[in-house]
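Protein chains in written order, with the working numbering: chain W, 5 to 396; chain Y, 5 to 396.
Hint data in this document are derived by calculation from the structure and do not stem from the laboratory.
Be aware that a few hints might be false.
Put simply, identical chains are the same to the list, so a pair is met inside one copy or across any two.
Computed cross-link-like contacts, SDA-like style, restricted to lysine to any residue with a CA-CA straight-line distance of at most 25 Å [said to hold, decoys possible]: (1) Lys-93 with Arg-113; (2) Lys-223 with Gln-117; (3) Lys-223 with Arg-113; (4) Lys-223 with Arg-112; (5) Lys-220 with Glu-283.
In case you want the letters, here they are:
Protein chains: 2
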Amino acid sequence: MEQIYLDHTSNTPLLPEVREAMAPYLHGEFANPSSLHRGGRKNAKALEEAREKTASLIGARGEEIIFTSCGTEANNFAMKGLAAAHEKKGRHIVVSSIEHFSILHAARRLERQGYRVTRVPVDQAGWVDPQKVREAIAPDTVLISIMHANGEVGTLQSIREIAQVAQEHGILFHTDAVSSCGTIPTNVSELGVAALTLTANQFYGPVGAAALYVRKGTKMLPFFDGGGQEEGRRSGTENLPAIVGMGKAAELALSHMEERTTSLLKLRNRLMEGLISVEEVYLNGHPTQRLPGHVSISVAHVESEPLLLSLDMEGISVASGSACNSKAMKSSHVLQAMGVPELLARGTVVLTLGIGNREEEISVVLDIFPKVVERLRKLNRTPIPQEVRSVR
Amino acid sequence: MEQIYLDHTSNTPLLPEVREAMAPYLHGEFANPSSLHRGGRKNAKALEEAREKTASLIGARGEEIIFTSCGTEANNFAMKGLAAAHEKKGRHIVVSSIEHFSILHAARRLERQGYRVTRVPVDQAGWVDPQKVREAIAPDTVLISIMHANGEVGTLQSIREIAQVAQEHGILFHTDAVSSCGTIPTNVSELGVAALTLTANQFYGPVGAAALYVRKGTKMLPFFDGGGQEEGRRSGTENLPAIVGMGKAAELALSHMEERTTSLLKLRNRLMEGLISVEEVYLNGHPTQRLPGHVSISVAHVESEPLLLSLDMEGISVASGSACNSKAMKSSHVLQAMGVPELLARGTVVLTLGIGNREEEISVVLDIFPKVVERLRKLNRTPIPQEVRSVR
Numbered sequence: 005m006e007q008i009y010l011d012h013t014s015n016t017p018l019l020p021e022v023r024e025a026m027a028p029y030l031h032g033e034f035a036n037p038s039s040l041h042r043g044g045r046k047n048a049k050a051l052e053e054a055r056e057k058t059a060s061l062i063g064a065r066g067e068e069i070i071f072t073s074c075g076t077e078a079n080n081f082a083m084k085g086l087a088a089a090h091e092k093k094g095r096h097i098v099v100s101s102i103e104h105f106s107i108l109h110a111a112r113r114l115e116r117q118g119y120r121v122t123r124v125p126v127d128q129a130g131w132v133d134p135q136k137v138r139e140a141i142a143p144d145t146v147l148i149s150i151m152h153a154n155g156e157v158g159t160l161q162s163i164r165e166i167a168q169v170a171q172e173h174g175i176l177f178h179t180d181a182v183s184s185c186g187t188i189p190t191n192v193s194e195l196g197v198a199a200l201t202l203t204a205n206q207f208y209g210p211v212g213a214a215a216l217y218v219r220k221g222t223k224m225l226p227f228f229d230g231g232g233q234e235e236g237r238r239s240g241t242e243n244l245p246a247i248v249g250m251g252k253a254a255e256l257a258l259s260h261m262e263e264r265t266t267s268l269l270k271l272r273n274r275l276m277e278g279l280i281s282v283e284e285v286y287l288n289g290h291p292t293q294r295l296p297g298h299v300s301i302s303v304a305h306v307e308s309e310p311l312l313l314s315l316d317m318e319g320i321s322v323a324s325g326s327a328c329n330s331k332a333m334k335s336s337h338v339l340q341a342m343g344v345p346e347l348l349a350r351g352t353v354v355l356t357l358g359i360g361n362r363e364e365e366i367s368v369v370l371d372i373f374p375k376v377v378e379r380l381r382k383l384n385r386t387p388i389p390q391e392v393r394s395v396r
Numbered sequence: 005m006e007q008i009y010l011d012h013t014s015n016t017p018l019l020p021e022v023r024e025a026m027a028p029y030l031h032g033e034f035a036n037p038s039s040l041h042r043g044g045r046k047n048a049k050a051l052e053e054a055r056e057k058t059a060s061l062i063g064a065r066g067e068e069i070i071f072t073s074c075g076t077e078a079n080n081f082a083m084k085g086l087a088a089a090h091e092k093k094g095r096h097i098v099v100s101s102i103e104h105f106s107i108l109h110a111a112r113r114l115e116r117q118g119y120r121v122t123r124v125p126v127d128q129a130g131w132v133d134p135q136k137v138r139e140a141i142a143p144d145t146v147l148i149s150i151m152h153a154n155g156e157v158g159t160l161q162s163i164r165e166i167a168q169v170a171q172e173h174g175i176l177f178h179t180d181a182v183s184s185c186g187t188i189p190t191n192v193s194e195l196g197v198a199a200l201t202l203t204a205n206q207f208y209g210p211v212g213a214a215a216l217y218v219r220k221g222t223k224m225l226p227f228f229d230g231g232g233q234e235e236g237r238r239s240g241t242e243n244l245p246a247i248v249g250m251g252k253a254a255e256l257a258l259s260h261m262e263e264r265t266t267s268l269l270k271l272r273n274r275l276m277e278g279l280i281s282v283e284e285v286y287l288n289g290h291p292t293q294r295l296p297g298h299v300s301i302s303v304a305h306v307e308s309e310p311l312l313l314s315l316d317m318e319g320i321s322v323a324s325g326s327a328c329n330s331k332a333m334k335s336s337h338v339l340q341a342m343g344v345p346e347l348l349a350r351g352t353v354v355l356t357l358g359i360g361n362r363e364e365e366i367s368v369v370l371d372i373f374p375k376v377v378e379r380l381r382k383l384n385r386t387p388i389p390q391e392v393r394s395v396r
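Bound-form chain W, shown alone (with noise of 0.2 Å):
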């Protein structure tokens, strides 16, 4: 049997189309879309089709996209470009403490730079309460940026209400949709943000092609500096054959984004369901508002790597409690803000479905899961006192 891969948070793989849509520009249709012969003019048509698809994902315009190579590019971009166009107003930025590391590394550069930073708690279903984003705002406050749905637990945010108070208070403000968009409706006037960003990978795209919205009249100051691409704002030359694919995701993903949230709903709550009826085992987020395609759940008396390879050795690819990157973790930052008990969390192990996983999958999985589980905690007997216990 294939491996069956539960790890879309980490990434998707191309869908058939994405990748003959890509193909001509990884074959003969290999001119700079920044050079004025026709192989060249013909990319720019290329390149600007794409940009007005992926608009359209998120509801925006096409002059209003700037595209760059990966999230984290987008997020480094949204808080240093933002912070910097707009320090004269003030030095202070608001973000939550659940953000993905992308927005709170780059927060801890700009606090050495001389910004202040308020990092809003979030509750333990990893909700941040836009009364407390309320709170922390201060005269000074420039940039909020707080994700719309958390990869790593998969609680959604309600960005509408953040965006008011960000709107009444005359703030920018940012959100991280690299883990919704494409998956859940993220309509950049509805959410009634100034800046977005999304990554194509999320979508059945490829890697090397993600975007940061930003809403036209916004100023900000380029990350890159160059050769003028993307109107100046972010120059380098564009990764067509990624970004053309990045467009044909898009499109799928807005034509689609129904049928696909239906099955993997269906698909999601029996996984859910099968996995924390198994004796101390965990959901984390919030049960109801999270990601069609997310579980993430703490096994009591488990560490997760030995979990996770575990379920590797039976054919089951999960990834372990930070998605996306999990060399760079140690104790998810995103369960200790939750208040997830430090020996529970190190049990974590997150399952994400895609929209090629099948009933049949999720059988096989709730039949290795609790055996595979039984397994380890015969050979690890960590005891987890009463009190943790009952904080779940």
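Following the hints, position chain Y against chain W.
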């Protein structure tokens, strides 16, 4: 007849072997190299193999290679990351006046942050005199960045001598080797550089993969903060298909360099001599110390855009003055720095050969070019004053 592509400095086609090497990573092998399951571990290995191959091309160690998304990113990273890490020592930077905009505009950005920047002039051939670099050094100089070869005019710089000057003063030396690396020998030990930029799409590898070499032990601040990929120096999900392609292209470039150069030189010399034998067509850059496939010419009494478009209509793709981003180019800063009179500079086109070009194509170009020039000159007879002509 197919379009004759003479714009290899803007982008090169993928070699079939490179495309084949990339293919698995655009199909089944899509796991994130940071994932701990078997797919991720396998891809982490592929990433490290590509790193070793890329390092071999420049005589470096794998651990000294930081993958980036493009040359512009690597150049911005070098300028900003090296400057920031050494700002306690000083805030003065030396560049040449003919650097790529990703260096010059990054330098301008640093100037706005309080750095001083000295732009060393070039001679009429676009050559940077190492003695001029020596004279530019101040007690607080922390970084020198001079390109290996200029992509617009093809001139090769005396990097070894400049590196020697830098070393004598204990100053970090970075070279932008985007236009040279993969085409001519670019060994970091022989050149004596502390940092070097290279991109895959200049040697028949894909767009989306480039690298910054940084000598082991060199302090540098990250440019992308985040999940800690590339040993924390460049966070962000790795563009594995492109990186694997870069590794393969680097391997091929290294093993075929001599034969490629021999064949490029033969074609280039015939093309160059044929073009400048046309009345009032002048070569830009150094006549011999230049990239093997590179011809830049200024055509009197003609504007480069109509010339480029006319050649394009005849099936020949060339670049206008600034090959990297024609949109950004008004009057090339490189030609200005070399003292090429504005009237001549405005009639500049760049023809860059690749390993796929054939003798017959050169014959076609040398047949068509004089006719196109004659036709355009009849339409637009701008007199060039005597003193302008004598400069050339």
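Now the hints, each set against the structure:
{"no.": "1", "hint": "Lys-93 with Arg-113", "verdict": "both (19 Å within a copy, 20 Å between copies)"}
{"no.": "2", "hint": "Lys-223 with Gln-117", "verdict": "both (20 Å within a copy, 18 Å between copies)"}
{"no.": "3", "hint": "Lys-223 with Arg-113", "verdict": "both (21 Å within a copy, 16 Å between copies)"}
{"no.": "4", "hint": "Lys-223 with Arg-112", "verdict": "both (22 Å within a copy, 19 Å between copies)"}
{"no.": "5", "hint": "Lys-220 with Glu-283", "verdict": "neither (52 Å within a copy, 50 Å between copies)"}
The structure is inconsistent with hint 5 alone, although it conforms to all the rest.
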